[in-house]
Amino acid sequence: MQISDFLRGSPDGIDVKGPRVVCSFDVFGVTINLTETVIISWAIILAVTLLLLWLTSGMKTKNISKRQAVAEWIVQTVYGMVESSMGKRWRNFAPYIGALFTFSILGSLVSMLGLRSVTADFNAPLTWALITFVLIHGTNIRTHGIGGYLKGYVDPIPVMLPINILSEIATPVSMSLRHFGNVVSGMVITSLLYFALSAATKAVGVAFLTIGIPAVLSLYFDLFSGFMQAFVFVMLTMAYISNADGREPEA
Amino acid sequence: MENNEIARAIVLGASALGAGTAMVAGIGPGIGEGYAVGKACESIGRQPESSGAVTRTMFIGCAVAESTGIYGLLIALLLMFANPFINKISQ
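Chains as they are written, first to last, in the working numbering: chain G, 1 to 251; chain C, 252 to 342.
Keep in mind that the hints were calculated from the coordinates and are not lab data. Do not take every clue at face value.
Said to hold, decoys possible - Facing chain C, from chain G, some residues (calculated, C-beta under 8 Å):
id, residue
1, N182
2, V184
3, S185
4, N243
All residues carry an ideal CB built from backbone N, CA and C; glycine is no exception.
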């Protein structure tokens, strides 16, 4: 490809594709697509499970091994994070928060292995946001009872009912779209950059541009952005859940 | 046939323009986040001991402020890679 081709744009263009469908089968007339995302998610779940089984095997109370120290550090960090942002009362949520954080960050980081990010499929963040949605409303009903929960929708005046319902629906939508949009924008920009760099390399004839520059961008888009979005998703989840229970937060 | 070609060209061109215009939504979050980060720097300068909490809160605020920009970006991506209008032209 010549530099003039590059300036004119590529003939086949840049196409950003959704996750590939590995296989699809019918279950009672409903087509279920087994996509790349699902396979990679299973791989992540398997890897994390095996890692945790290895970390927690042979635990002792005295003379702990290095891997037990790592396992304890992970558990303490997650519990500390939950207690500092939700309060001691919410300790039970720590496993969910830890699982969400791990899945989200690993789902973004698999792109560094050359796989497609799990979070670049809208189904994944939407699923997590819907679980959070159920937890928010479950917590609300548990504290206020069904009557108090329904009354919350006509608060302060009944005219606010549609606005309140919309704002409840907007919560999972905005949470999932934020996570998805950030990851996908990173993916698109990275693919544009790879395209531009390879075209420039072909025009110049020396492959000095493709070395180093993608690594720096990958550091930002994969590592920093992946970590940041996982953190934000988890923090928002904790904030929404602890807000759903209208009690005063303990100091 | 000729009409279809013209309609296709118009839809593709308008979609490209629309994708570019949608990214104007990046202005708002840019200004807003810059303002938030500036305020966070000020408060860290005033109280360096609270830098951890301020930074954490700032990142979350930035992420929330970013969502309008992300919505614009999604519209732009939709128009570029999964154009919903091109299929409306009768083949």
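Each hint tested on the structure:
Nearest Cβ of chain C to the Cβ of N182(G): about 7 Å, under the 8 Å cut. The hint holds. Given hint, V184(G) at the interface with chain C, holds; its Cβ is 7 Å from that chain's nearest Cβ, closer than 8 Å. The beta carbon of S185(G) comes within 5 Å of a beta carbon in chain C, closer than 8 Å, and the hint placing it at the interface holds. Restraint check, N243(G) versus chain C: the minimum CB separation of about 13 Å is more than 8 Å; hint violated.
Violated hint: 4 only; the structure is consistent with all others.
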